[in-house]
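Just so you know, the protein sequences line up as chains A and B, in that order. Taking this note's numbering, the leading residue of the first sequence gets 1, the next gets one more, and so forth. Taking this note's numbering, the leading residue of the second sequence gets 1, the next gets one more, and so forth.
Bear in mind the hints are in silico, worked out from the structure with no lab data behind them. These numbers were taken from a predicted model, which means no experiment stands behind them.
Anything over 12 angstroms on all C-beta distances counts as not near chain B; from chain A, calculated:
{"#": "1", "residue": "P101"}
{"#": "2", "residue": "V212"}
{"#": "3", "residue": "D224"}
{"#": "4", "residue": "K226"}
{"#": "5", "residue": "Y331"}
{"#": "6", "residue": "T338"}
{"#": "7", "residue": "N426"}
Among the chain B residues that face chain A by a calculated CB cut under 7 angstroms, a handful are:
{"#": "8", "residue": "H34"}
{"#": "9", "residue": "F45"}
{"#": "10", "residue": "Y47"}
{"#": "11", "residue": "L63"}
{"#": "12", "residue": "R66"}
{"#": "13", "residue": "Q67"}
{"#": "14", "residue": "S70"}
{"#": "15", "residue": "Q72"}
{"#": "16", "residue": "G75"}
Label-pair restraints from in silico Cβ distances:
{"#": "17", "chain 1": "B", "residue 1": "S326", "chain 2": "A", "residue 2": "N207", "range": "55 to 61 angstroms"}
{"#": "18", "chain 1": "B", "residue 1": "D58", "chain 2": "A", "residue 2": "Q363", "range": "51 to 57 angstroms"}
{"#": "19", "chain 1": "A", "residue 1": "G311", "chain 2": "B", "residue 2": "A313", "range": "54 to 60 angstroms"}
{"#": "20", "chain 1": "A", "residue 1": "D102", "chain 2": "B", "residue 2": "D48", "range": "25 to 31 angstroms"}
{"#": "21", "chain 1": "B", "residue 1": "T382", "chain 2": "A", "residue 2": "C350", "range": "55 to 61 angstroms"}
{"#": "22", "chain 1": "B", "residue 1": "T212", "chain 2": "A", "residue 2": "A68", "range": "49 to 55 angstroms"}
{"#": "23", "chain 1": "B", "residue 1": "A313", "chain 2": "A", "residue 2": "D102", "range": "54 to 60 angstroms"}
{"#": "24", "chain 1": "B", "residue 1": "G111", "chain 2": "A", "residue 2": "D224", "range": "38 to 44 angstroms"}
{"#": "25", "chain 1": "A", "residue 1": "E369", "chain 2": "B", "residue 2": "L27", "range": "35 to 41 angstroms"}
{"#": "26", "chain 1": "A", "residue 1": "V326", "chain 2": "B", "residue 2": "A129", "range": "33 to 39 angstroms"}
{"#": "27", "chain 1": "A", "residue 1": "V57", "chain 2": "B", "residue 2": "D58", "range": "37 to 43 angstroms"}
{"#": "28", "chain 1": "A", "residue 1": "Y169", "chain 2": "B", "residue 2": "A441", "range": "58 to 64 angstroms"}
{"#": "29", "chain 1": "B", "residue 1": "A21", "chain 2": "A", "residue 2": "D102", "range": "54 to 60 angstroms"}
{"#": "30", "chain 1": "A", "residue 1": "C383", "chain 2": "B", "residue 2": "L27", "range": "39 to 45 angstroms"}
Note that the Cβ used here is the ideal one computed from N, Cα and C, for glycine as well.
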Amino acid sequence: MADLTTDFLGIKSPNPFWLASAPPTDKEYNVRRAFEAGWGGVVWKTLGSEGPPVVNVNGPRYGAIYGADRRLLGLNNIELITDRPLQTNLEEITRVKKDYPDRALIVSLMVPCDEESWKAILPMVEETGADGIELNFGCPHGMAERGMGSAVGQVPEYIQMVTEWCKQYYSKPVIVKLTPNITDIRQPARAAFAGNADAVSLINTINSIVSVDLDQMAPQPTLDGKGTHGGYCGPAVKPIAMNMVAEIARDPATAGKPISAIGGVTTWRDAAEFMALGAGNVQVCTAAMTYGFRVVQEMIAGLSQWMDEKGYTSTSDFIGMAVPNVTDWQYLNLNYVTKAKIDQDACIKCGRCYAACEDTSHQAIWMKEDRVFEVNDAECVACNLCVDVCPVEDCITMVEMQPGEVDPRTGKVVEAEYANWTTHPNNPSAVQAAE
Amino acid sequence: MAQGHQASGIVAGRLPEEEIAANFSDLHAPYAPHEAAVAADRCYFCYDAPCTTACPTDIDIPLFIRQIQSGQPEGAARTILEQNILGGMCARVCPTETLCEEACVRETAEGKPVEIGRLQRYATDTLMAQGVHPFTRAAATGKRVAVVGAGPAGLSCAHRLAMLGHDVTVYDAKPKAGGLNEFGIAAYKSTDEFAAKEVDWLLQIGGIAIETGKALGAGLSLDGLSADHDAVFLSIGLGGVNALRVAGEDLPGARDAVDFIAELRQADDLGALPVGRNVVVIGGGMTAVDAAVQAKLLGAENVTIAYRRGREAMPASRFEQDLAASKGVKLMFNVMPVAIQGGDAVTGIELEYTEVVDGRVKGTGETVTLAADQVFKAIGQTLDGAPDGVALDGGKIAVTGAGRTSVAGVWAGGDCAAGGEDLTVTAVAEGRDAAMDIHSALMA
Numbered sequence: 001m002a003d004l005t006t007d008f009l010g011i012k013s014p015n016p017f018w019l020a021s022a023p024p025t026d027k028e029y030n031v032r033r034a035f036e037a038g039w040g041g042v043v044w045k046t047l048g049s050e051g052p053p054v055v056n057v058n059g060p061r062y063g064a065i066y067g068a069d070r071r072l073l074g075l076n077n078i079e080l081i082t083d084r085p086l087q088t089n090l091e092e093i094t095r096v097k098k099d100y101p102d103r104a105l106i107v108s109l110m111v112p113c114d115e116e117s118w119k120a121i122l123p124m125v126e127e128t129g130a131d132g133i134e135l136n137f138g139c140p141h142g143m144a145e146r147g148m149g150s151a152v153g154q155v156p157e158y159i160q161m162v163t164e165w166c167k168q169y170y171s172k173p174v175i176v177k178l179t180p181n182i183t184d185i186r187q188p189a190r191a192a193f194a195g196n197a198d199a200v201s202l203i204n205t206i207n208s209i210v211s212v213d214l215d216q217m218a219p220q221p222t223l224d225g226k227g228t229h230g231g232y233c234g235p236a237v238k239p240i241a242m243n244m245v246a247e248i249a250r251d252p253a254t255a256g257k258p259i260s261a262i263g264g265v266t267t268w269r270d271a272a273e274f275m276a277l278g279a280g281n282v283q284v285c286t287a288a289m290t291y292g293f294r295v296v297q298e299m300i301a302g303l304s305q306w307m308d309e310k311g312y313t314s315t316s317d318f319i320g321m322a323v324p325n326v327t328d329w330q331y332l333n334l335n336y337v338t339k340a341k342i343d344q345d346a347c348i349k350c351g352r353c354y355a356a357c358e359d360t361s362h363q364a365i366w367m368k369e370d371r372v373f374e375v376n377d378a379e380c381v382a383c384n385l386c387v388d389v390c391p392v393e394d395c396i397t398m399v400e401m402q403p404g405e406v407d408p409r410t411g412k413v414v415e416a417e418y419a420n421w422t423t424h425p426n427n428p429s430a431v432q433a434a435e
Numbered sequence: 001m002a003q004g005h006q007a008s009g010i011v012a013g014r015l016p017e018e019e020i021a022a023n024f025s026d027l028h029a030p031y032a033p034h035e036a037a038v039a040a041d042r043c044y045f046c047y048d049a050p051c052t053t054a055c056p057t058d059i060d061i062p063l064f065i066r067q068i069q070s071g072q073p074e075g076a077a078r079t080i081l082e083q084n085i086l087g088g089m090c091a092r093v094c095p096t097e098t099l100c101e102e103a104c105v106r107e108t109a110e111g112k113p114v115e116i117g118r119l120q121r122y123a124t125d126t127l128m129a130q131g132v133h134p135f136t137r138a139a140a141t142g143k144r145v146a147v148v149g150a151g152p153a154g155l156s157c158a159h160r161l162a163m164l165g166h167d168v169t170v171y172d173a174k175p176k177a178g179g180l181n182e183f184g185i186a187a188y189k190s191t192d193e194f195a196a197k198e199v200d201w202l203l204q205i206g207g208i209a210i211e212t213g214k215a216l217g218a219g220l221s222l223d224g225l226s227a228d229h230d231a232v233f234l235s236i237g238l239g240g241v242n243a244l245r246v247a248g249e250d251l252p253g254a255r256d257a258v259d260f261i262a263e264l265r266q267a268d269d270l271g272a273l274p275v276g277r278n279v280v281v282i283g284g285g286m287t288a289v290d291a292a293v294q295a296k297l298l299g300a301e302n303v304t305i306a307y308r309r310g311r312e313a314m315p316a317s318r319f320e321q322d323l324a325a326s327k328g329v330k331l332m333f334n335v336m337p338v339a340i341q342g343g344d345a346v347t348g349i350e351l352e353y354t355e356v357v358d359g360r361v362k363g364t365g366e367t368v369t370l371a372a373d374q375v376f377k378a379i380g381q382t383l384d385g386a387p388d389g390v391a392l393d394g395g396k397i398a399v400t401g402a403g404r405t406s407v408a409g410v411w412a413g414g415d416c417a418a419g420g421e422d423l424t425v426t427a428v429a430e431g432r433d434a435a436m437d438i439h440s441a442l443m444a
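Produce the entire structure from the sequences given, and follow the hints as far as they go.
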């Protein structure tokens, strides 16, 4: 029977599903409900310095991108850090941690970029008994304008500096949360670990505008006739987050370092994928805000069942397992040849594969009499677009050609040996293949 | 050579074999994976979901559907079976149109609910096809419980008790376990001997022994069972059938619908089962509909359901009424039987039109006679064989709490117990809840 208990930076939690710092983790009431629903840990919504709290707009604060049937695929928010007094938050954190000793409770922080501000707040957080802190260097709106949030996250030197302060004035694990609004995520990640961060968490939200109200001629959500950019999150951002997690896991400077993955985790499979790419746990927000805290039950049951099927008894059995298989384009095997194959029994004859291939790709699908769609191997480059647009799962599959067979497109024999672009004769920068 | 619809009398083999097979194939075909994916995507994952509230066994429907969405029908099956061990049969027979699917918010929004019943079948079929029994028995407690009646209530009670480590013996009068699942459910809802297969699968928990050919008053006594066991659960169903109390009801050709249905369910060859040319079914509940529809599917030319009240009072749901009509069954309302005609065989039935005055059915004096060679009586079943000493309430065993009867150490559930609708799913819930109560009592 799979054991979902995770040990992340020495912090134990009964499962790898944490809630990210956001409205769901704003106060004691929410966090208790979350723990009762089964979440393994929470990152408390970002605290700011002592003093009058921020004030946010009344609303609207969220915009959305929908798929079919109003399924929420992307959420855009202009939320800020906590708007409740610091002391209230600290008292609540202390109380909740006492009542839930077996759950992880991390406190997210964002204070001005000077040593005194951090020196002031860290002992107060230490006193709460929380398991660790997360440094919010990601807020793309509302705080960046004041020199905090992503204004720090986009400057590696600042990241390293603040992380060093935290390691100096706080005794428990320090997680640095990275913003994706940057060219190369490896730079801030390296900087965080150079500052002795215990882990990085990513991604925070992506700068975005979801839609434009064409009557008011303003971005949505419109507030008194105006709109602003916000932070994009939810299922739509998962691919961006996955790539960034992989980059950090692969980078020799940061390989093997603990990562907490955030970005569109909705089902057990999303969590397993992030963990396979090197994340020790995942943080969820949009899925909980879309469906309520009960979503964690599917995640727990699902991950557990998958682990049982695969024979994994602990999450450490598979964390990072996919990292060695993440490579760069120029190292992909050019001698691996497949062709698309349409299962005529499963085909519902919609013609979408034909539209995609004939209009926009390689004209490798025939539309025959009676709407029979067949792949023309002589033209098929195996781009897989037909597979992706077909509405029926597994109706079209990619079938590997065997070494010795002749690829009808190129007229060449499929070779068994691995070969890539770096040694290809067409490549002006080709390296001589080792003899 | 098929006899045809118009062959007179009660004859077998009216239809060719292939037609009978097609007629009795699954009313709702099982989902293919793609269909299940599309159907599951329609669920909104409601908070405190109305469908779960409507389910007598409290199945966490949004969760199981979400598990199907995330590619784990086996996980979905576990979620279902934890609440309802007969989730497989229930997926086939539950009147979802009046339970979960009626409560579904998409029924409210679009008149088209999430297809919960079919999704439940997809999940349970997937798990059962793997031969997996996802529960393990706890350490033996040394306690012994007797369950009388191996229908859904009894099986549900037995499974839960066995899972908790108790030893259970289930007695049943019939030669096979399953109760109405085996002998009563319409054949096109339980194809391929599913009821028997489900019982075999359920028994994989271990700790349950089935003894057939035994009933209270026929090999068993309540005192005897109480003496030999630490607790007793009565799930004897409703073995009696209400009589029409009209002349001619004892003619051959006039029979209890439940007997016809049981015979049909056990027939190896439906082509050998005789059915009349003109069949009249008296009654308005599920039994009446099942008998009527199956008579039509066997090739009867004219099948009429005669119900003494109006359509809106008919116990069979609108879905079932429409199903009967779609199969060519004629539904007559506000008619009650006066006499069944015939000498040594049934030749016709005289019905009187009725009106309902102050809730009571009264004849109007106008009559009509239908040609009939077979009449099925389906005006309700009654408790039969309840042990002396157990208090009754409204003709059924009186129960309080989770099925406690008036006799200490004796619980009851299913159709034989007062309260609750007479549905398979209600029986499963009552059996399970009684098991939990018995367990508490035994382990106190």
